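Residue numbers (my numbering), protein chains in the order written: chain A, 205 to 511; chain B, 2 to 383.
Hints listed in this document are in silico derivations from the structure and should not be mistaken for laboratory results. Here the structure is a predicted model, which is why all the values come from computation and not from measurement. Some clues are possibly wrong.
Not close to chain B: a few residues of chain A, all C-beta gaps over 12 Å, as computed [as the list claims (entries may be wrong)]:
(1) 293
(2) 304
(3) 307
(4) 339
(5) 347
(6) 370
(7) 380
(8) 382
(9) 443
(10) 465
(11) 479
(12) 495
(13) 502
Restraint ranges, calculated between C-beta atoms of paired labels, are given here [claimed, not checked]:
(14) B:92 <-> A:480: 33 to 41 Å
(15) B:206 <-> A:379: 43 to 51 Å
(16) A:443 <-> B:266: 15 to 23 Å
Here's a subset of chain A near chain B, in silico, CB distances under 8 Å, partners left out [stated by the list, open to error]:
(17) 271
(18) 278
(19) 281
(20) 299
(21) 303
(22) 315
(23) 318
Beta carbons: idealized from backbone N, C-alpha and C, even for Gly.
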Amino acid sequence: MSASMLDGTTSLRGTADPDRTAAQIGAAINVEQHPLDQIIRAERMPHIWCPGCGIGVAMRAYAQAILDFKFPVDDHVVVSGIGCSGRVAGYMNIDSYHTTHGRAIPFALGLKLANPKLVVTVFSGDGDLVAIGGNHLIHAARRNVDLKVICVNNFNYGMTGGQAGPTTPLGARATTTPYGNPELPFNLPYLLAASGANYVSRWTTLHVRQVKEDILYTFAKPGFTFIEVLAPCPVGFGKSNNIEDGLEEMELYRQRCVLATDGDVRAEELDIDLREERPIYVGRFIDRDRAPYQPVVIHAPGGAKEG
Amino acid sequence: MSTKRVRTGQHFMSGDHACAEGALAAGCRFFGGYPITPSTEVAEHLARRLPEVGGVFIQMEDELGSIASVLGASAAGARAMTATSGPGLSLMLENLGLGVILELPIVIVDVQRGSPSTGLPTMPGQADIMQARWGSHGDYEIVAYAPWSPQEMFDLTIQAFNVADRFRVPVLLMADEVVGHMVERVEIPDADQIECWSRKRPEQPPNGSFAPFEAGEDLVPPMVHAGEGYRIHYTGLTHDEHGYPDMSAETHHRLVTRLVEKVRRNADQFTRVEGYHLEDARIVVVAYGCTARSARRAVRLARRQNIPVGLLRLVSIWPFADEALRQLVPDDATFIVTEMNLGQISREVERVVRRPVRGVFHAGGAMISPEPILQAIQEAAQ
Numbered sequence: 205m206s207a208s209m210l211d212g213t214t215s216l217r218g219t220a221d222p223d224r225t226a227a228q229i230g231a232a233i234n235v236e237q238h239p240l241d242q243i244i245r246a247e248r249m250p251h252i253w254c255p256g257c258g259i260g261v262a263m264r265a266y267a268q269a270i271l272d273f274k275f276p277v278d279d280h281v282v283v284s285g286i287g288c289s290g291r292v293a294g295y296m297n298i299d300s301y302h303t304t305h306g307r308a309i310p311f312a313l314g315l316k317l318a319n320p321k322l323v324v325t326v327f328s329g330d331g332d333l334v335a336i337g338g339n340h341l342i343h344a345a346r347r348n349v350d351l352k353v354i355c356v357n358n359f360n361y362g363m364t365g366g367q368a369g370p371t372t373p374l375g376a377r378a379t380t381t382p383y384g385n386p387e388l389p390f391n392l393p394y395l396l397a398a399s400g401a402n403y404v405s406r407w408t409t410l411h412v413r414q415v416k417e418d419i420l421y422t423f424a425k426p427g428f429t430f431i432e433v434l435a436p437c438p439v440g441f442g443k444s445n446n447i448e449d450g451l452e453e454m455e456l457y458r459q460r461c462v463l464a465t466d467g468d469v470r471a472e473e474l475d476i477d478l479r480e481e482r483p484i485y486v487g488r489f490i491d492r493d494r495a496p497y498q499p500v501v502i503h504a505p506g507g508a509k510e511g
Numbered sequence: 002m003s004t005k006r007v008r009t010g011q012h013f014m015s016g017d018h019a020c021a022e023g024a025l026a027a028g029c030r031f032f033g034g035y036p037i038t039p040s041t042e043v044a045e046h047l048a049r050r051l052p053e054v055g056g057v058f059i060q061m062e063d064e065l066g067s068i069a070s071v072l073g074a075s076a077a078g079a080r081a082m083t084a085t086s087g088p089g090l091s092l093m094l095e096n097l098g099l100g101v102i103l104e105l106p107i108v109i110v111d112v113q114r115g116s117p118s119t120g121l122p123t124m125p126g127q128a129d130i131m132q133a134r135w136g137s138h139g140d141y142e143i144v145a146y147a148p149w150s151p152q153e154m155f156d157l158t159i160q161a162f163n164v165a166d167r168f169r170v171p172v173l174l175m176a177d178e179v180v181g182h183m184v185e186r187v188e189i190p191d192a193d194q195i196e197c198w199s200r201k202r203p204e205q206p207p208n209g210s211f212a213p214f215e216a217g218e219d220l221v222p223p224m225v226h227a228g229e230g231y232r233i234h235y236t237g238l239t240h241d242e243h244g245y246p247d248m249s250a251e252t253h254h255r256l257v258t259r260l261v262e263k264v265r266r267n268a269d270q271f272t273r274v275e276g277y278h279l280e281d282a283r284i285v286v287v288a289y290g291c292t293a294r295s296a297r298r299a300v301r302l303a304r305r306q307n308i309p310v311g312l313l314r315l316v317s318i319w320p321f322a323d324e325a326l327r328q329l330v331p332d333d334a335t336f337i338v339t340e341m342n343l344g345q346i347s348r349e350v351e352r353v354v355r356r357p358v359r360g361v362f363h364a365g366g367a368m369i370s371p372e373p374i375l376q377a378i379q380e381a382a383q
């Protein structure tokens, strides 16, 4: 740090030279490249996410896990559907596919089966993966196809302005449930456990380290894996449900999250209701070794060799 | 039966099986599908055959997933296909649009049955023709073929893969139940005699300056596959030449225009028609698929009565063969269009010849027999 910075003459809000332009100030601050710039499309920043949104935290964990993993970066592929979390594909500096609403998983399945050396991650939101894409989600888990799913769950449709979805808690308000949500939500770990996934966990955007470690773990875990990351959506879900801002929801996570380990909480009990004074269980719920999906290969004479 | 990829020789084979063999001969390595009559035999045959040649067969949970998996496999570099019928095509139209905008080469086989809705599952129809052209939302051009025999189910499946790869477009094979289930002689050539148009691939190695959606004069950008180090971004949003979303009217117009022009400008390389007795024809019957078989019979019978009639068979139906129709047919000819729907391709013929045409239509369920077509020819000759 230079002496001039210490005495405040080049601070961003410095008063020493009020005529300096923002560009001059920017040029004076020599910011080194961020360690994640190699794996994030820095030229596409700023991103579209709102202040207080949790998606960036989950994306950061994913980016760090790619760098920490033993495979070359270029073997990683990310596939997203539609929605705020679906925009992750556009910000990751790897081969990235921003597909249609709900269809990220079958698109990713095609990529993985056509080129098995790829590490294929599906990064999308709860509405995309569980509502319109719900059928693909449960069948990919049933097949136990080798896909790594990161599902950011912010309890509503954020991109379209805060409508209720299949994860919106009973009674919660959304623009399409002005009198409170009359429907029961999915308990995602329970759903994925029943469907056959090899690995199921839940964290929040408060658990940055655990999310990163879990993504890293699932890269090496064969079969279908599913990480649910609870995330604040202050302008969508938060605003309608008296959660002031992203920080308040993070504080709520801090107070209520209880680590469930060693099967001490049954999957049926993993329901979430942010408005009630009840624990939000987080942790690794399923870690098993059902056989991953493998396409049938018949090595018939004269068959496989030929072009 | 041989487990070779290309079963060179003479066969007695159904159209659906010939389609599957054509896919294998074209180098198809991935099939994602969902069972539906009358296309199921394509899937069943490939379920047995693809594992023999190192390919992947997967039965998906629905047609939405089927076409998505096929697009993903194509993005990874595989020649990939699905097969369905009308109800399944309806579900696939969503991601047909994704294939158009991502420029992913895939082949979709629609063995048409009586419709709308569940309709007549085991009986023929030709009423998905306009759906194939316009079904997905937005402006785009589509390439589609209409085989009239098991031999063409084989040949045109190969052609469909070639056009898909060369121009980076989804291609439809609009078959029908008659042609799919009919068993006829199918001749499969030697493997080295099978024409293969490959994908245009980037010439420069991965580096920061590469714009993956920058197209040359043919409007087809070179295709990058997953895992090659280009770190490419594909999005169904309107995107610029770098593949990044760009929400501007200018970029949108430029992209959509290129996607449409890519097909229109190159159409002479893949539109195909066949003429029978057109040289001196005063009356022209236009037909495609199984209906063209009855139309040919009707034309032969009419010729025996010295009626100057010919047949224009549409081998490709989309893009419509405007030029061929203008060039092959005399200006003042009388047109009869016969098809197993209540008038779809007839509108295209009317658009091109700029006058009303006679229609021999049937809603489907059974092949149109030669008699009503012959009768229409006789009426036109009076």
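Given the range 15 to 23 Å, decide if the beta-carbon distance of residue 443 of chain A to residue 266 of chain B lies inside it.
-> violated (50 Å)
Would you assess whether residue 347 of chain A, listed as outside the interface, keeps its beta-carbon beyond 12 Å of every beta-carbon in chain B?
-> Violated: least Cβ distance 8 Å, not greater than 12 Å.
When the nearest CB of chain B is found for residue 315 of chain A, is that gap smaller than 8 Å?
-> It holds, given that the least Cβ distance between residue 315 of chain A and chain B is near 4 Å, below 8 Å.
For residue 465 of chain A, is the shortest beta carbon distance to chain B beyond 12 Å?
-> holds (33 Å)
Is 43 to 51 Å a correct range for the gap between the Cβ atoms of residue 206 of chain B and residue 379 of chain A?
-> Cβ of residue 206 of chain B to Cβ of residue 379 of chain A: about 49 Å, so the range 43 to 51 Å holds.
Taking the closest pair, is the beta carbon of residue 479 of chain A still more than 12 Å from chain B?
-> At about 34 Å from chain B, residue 479 of chain A clears the 12 Å cut-off, so the statement holds.
Let me know if the C-beta of residue 281 of chain A comes in closer than 8 Å to any C-beta of chain B, holds or violated.
-> Since the shortest Cβ distance to chain B is 5 Å, the answer is holds.
Should the label of residue 304 of chain A as a non-interface residue stand, given a Cβ cut-off of 12 Å to chain B?
-> violated (5 Å)
Minimum beta-carbon distance criterion (8 Å), residue 271 of chain A to chain B | Given a least distance of 14 Å, the restraint on residue 271 of chain A is violated.
Taking the shortest Cβ-to-Cβ distance between residue 380 of chain A and chain B, state whether it exceeds 12 Å.
-> Nearest chain B Cβ is 22 Å from residue 380 of chain A, so the label holds.
Should the label of residue 307 of chain A as a non-interface residue stand, given a Cβ cut-off of 12 Å to chain B?
-> violated (4 Å)
Take a quick look at residue 382 of chain A and tell me if its Cβ sits farther than 12 Å from every Cβ on chain B, holds or violated.
-> holds (30 Å)
This entry does not satisfy hints 1, 2, 3, 4, 5, 13, 16, 17, going by the numbered hints stated previously.
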